[in-house]
Structure formats: structure tokens, C-alpha cells
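Listed below, chain by chain, are the residues.
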Amino acid sequence: DAGVIQSPRHEVTEMGQEVTLRCKPISGHDYLFWYRQTMMRGLELLIYFNNNVPIDDSGMPEDRFSAKMPNASFSTLKIQPSEPRDSAVYFCASSTRLATGGDTQYFGPGTRLTVL
Amino acid sequence: AQSVTQPDIHITVSEGASLELRCNYSYGATPYLFWYVQSPGQGLQLLLKYFSGDTLVQGIKGFEAEFKRSQSSFNLRKPSVHWSDAAEYFCAVGGPGNNRKLIWGLGTSLAVNP
Chain V
65 DAGVIQSPRH EVTEMGQEVT LRCKPISGHD YLFWYRQTMM RGLELLIYFN NNVPIDDSGM
125 PEDRFSAKMP NASFSTLKIQ PSEPRDSAVY FCASSTRLAT GGDTQYFGPG TRLTVL
Chain C
3 AQSVTQPDIH ITVSEGASLE LRCNYSYGAT PYLFWYVQSP GQGLQLLLKY FSGDTLVQGI
63 KGFEAEFKRS QSSFNLRKPS VHWSDAAEYF CAVGGPGNNR KLIWGLGTSL AVNP
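The listed protein sequences derive, respectively, from chains V and C.
Heads up, our numbering is the position in the first sequence plus 64, with the first residue counted as 1.
Heads up, our numbering is the position in the second sequence plus 2, with the first residue counted as 1.
Only chain C is shown next, with the shape it has when bound in the complex:
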């Protein structure tokens, strides 16, 4: 079955600390992987995506993610968190072909301590 697991429901980090949000997926075909961020009261915004090539992808706001096929993972990282990074983060997976549906994780809520 196709699925996305974000093991951490909630994470709290201190401002300036490094961050890693985990994402594991189950998908039968070559996956396209996405990370979106949702600020309170807002829609979702794309942070970064992987669909081919270099397995380390760079995104907006200083985020990066690494696709590890052997581990079925696509973890999101940031070396130094800012207070404005407090938000909900969603991982999603899709694939090639005509089906444009994305499978979504349940999200990880990030709190940043000053």
C-alpha cells in the first residue's frame, strides 16, 4: 500500500539549533517526493521536491532534503532554525504516469524556542 509516515507529531527546538524532520514512504514506483510547509491560518507552500537526479535537494528558506532509496526516506533538514520556521511540515509522495494524486503524511508540528 502507498503511504507516508512522519514519525514525529510534534518537535520543539531552540532557535539556532539544527533540525531534522523524518519522512518514510511506501510507494510501488519511482517516487516523486515533496515537502510542504503550512504556517498558521495559511495554505501549504512547497519547500522542495525530488523527482530525479541528485538525491540531495535544496529548497527555499535554507531547507534541504536527502532522498535515500534504500531506507525509503526523505528527511528534511535545516542547519540553523529561525523562530519564523515554526509551522506544520508535510511530506508527500507521488509518481509518474497519469495519476496526479499525492499521498500525504499527517504532518509534523514544529515549535521554536527563543
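Just chain V, same shape as in the assembly:
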């Protein structure tokens, strides 16, 4: 499998613009996670899906952020309007539920977002 695929790898935009980040999870995985990583706050879980349904979005910072998963092979994270403080690396990860527990999350390479 190709692993988790994210696009774009780098995004530079101006404040106020809409940003859309994309993720393709590993085929057969039924959980998908969106994380944000910054120096100040480390790795933060924004939202996660199970079978395309959002389960926990308590980490989404504010209404400017939204995430969708229209099918099992695609998810988007949208920021509208973007602000400089949104600059971070955004990771997507996927996993499948194990009967034994201890599901492993597989991470994509990340999207480095810079908002000017």
C-alpha cells in the first residue's frame, strides 16, 4: 500500500484565504485522524472519523475549521478564513480497529501550512 497520502505537501497563502488540505487514508482503514503540530502546543488532535462519520471534533479550534469525509478514501480539512496563527504542520493518520486493542495510527507526511 502507498500509505497515507496528503496533499499539498506545502501551502503558502495569505490571511483571509480559504485553505483545503486533503488526505487519502490507507485502504481498509476505518479510522481517520487530523492533527496539527506546532512548536508551542506539540501534536494536537483536531478531529477523528470512524466509517466516515465524525466521532470527536472537540479539538477543532473554532468555526473557521471544518472537516469532511465524503467516502472511505478521502477526507478534507478546510480553514476559512485562514489566519497567521493557523500556520503549522497538519497531519492525517489512519488506523483500523484491532480485536486485541492498541490500534496503530499510520501517519501521512504532513502538509506544512504558512499563512502570511
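Listed next, with one range per pair, are the computed distances between beta-carbon atoms:
1) V:Gln81 x C:Ser41: 22 to 32 Å
2) C:Leu58 x V:Thr140: 38 to 48 Å
3) C:Thr32 x V:Asn135: 28 to 38 Å
4) C:Ala3 x V:Arg149: 22 to 32 Å
5) V:Asp94 x C:Gln47: 16 to 26 Å
6) C:Ala3 x V:Asn135: 31 to 41 Å
7) C:Lys63 x V:Asn116: 27 to 37 Å
8) C:Ser16 x V:Asn135: 44 to 54 Å
9) C:Ser74 x V:Thr160: 26 to 36 Å
Keeping only pairs whose Cα atoms sit at most 25 Å apart, straight-line, the calculated DSS-like set for lysine-lysine is:
10) C:Lys103 x V:Lys142
11) C:Lys103 x C:Lys51
12) V:Lys88 x V:Lys142
13) V:Lys132 x V:Lys142
14) C:Lys103 x V:Lys132
15) C:Lys51 x C:Lys70
16) V:Lys88 x C:Lys103
17) V:Lys88 x V:Lys132
18) C:Lys51 x C:Lys63
What the hints contain is simulated information worked out from the structure, not anything from laboratory work.
Don't be surprised by glycine CBs; every beta carbon is placed ideally from N, CA and C.
Add chain C to chain V, keeping to what the hints say.
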């Protein structure tokens, strides 16, 4: 409250030296414990995990970790560090049940001197 503490923000070791990275957790249920590594500009990769059984777990790249319930710790070790081990290391904890969230530490940055 659920939390993961990695007390060392940054560690420098010499190539060939032994390594131990500390991880302490606070979790109400039986914990599942993970160590991930992040190389510069890359995503996170699983090194090893514990969810039951033998408390000493072996991982990739020669790493191992020991779960000590009495100390709420899951320290990562490697007997001889290679220059390619320079990276950021993250400890995480999760649990059984329907909640698939992991609680993450802030990471330990490892530098390796030649």
C-alpha cells in the same frame, strides 16, 4: 486527568552510547502505550507499542521499551545509538473501548554526536 509527560525536551548522546528516553503517563484505565519517531520533515512512524502481555516490548530499529505499571512509566531504550537515530520521539497513551484518541507527550528531541 489523562496526560503524558516526557521530562526531557532535548537529549544529546554520542554515537555508540546507550539511550533512555523517559515517558510517564496518567491514565484511568489499562493503558495502551506507544512510542513514535519523527524524522525531520517527515510524518510519525511507530517504533513499538504495548497493550498486553510481556512488559518488555521490542520494536523496530533496535529499540525496546518497558512498561512499569507501579511507576506509570514506559521508557524507551536503545543499547547503542546510531547517527541516524537523531529525530523527535513521542510517547502516547490510549485505552480500550470505543475512544480511539491517543494522548500525546510533547516529544523529546534527540541529537547524536559523531
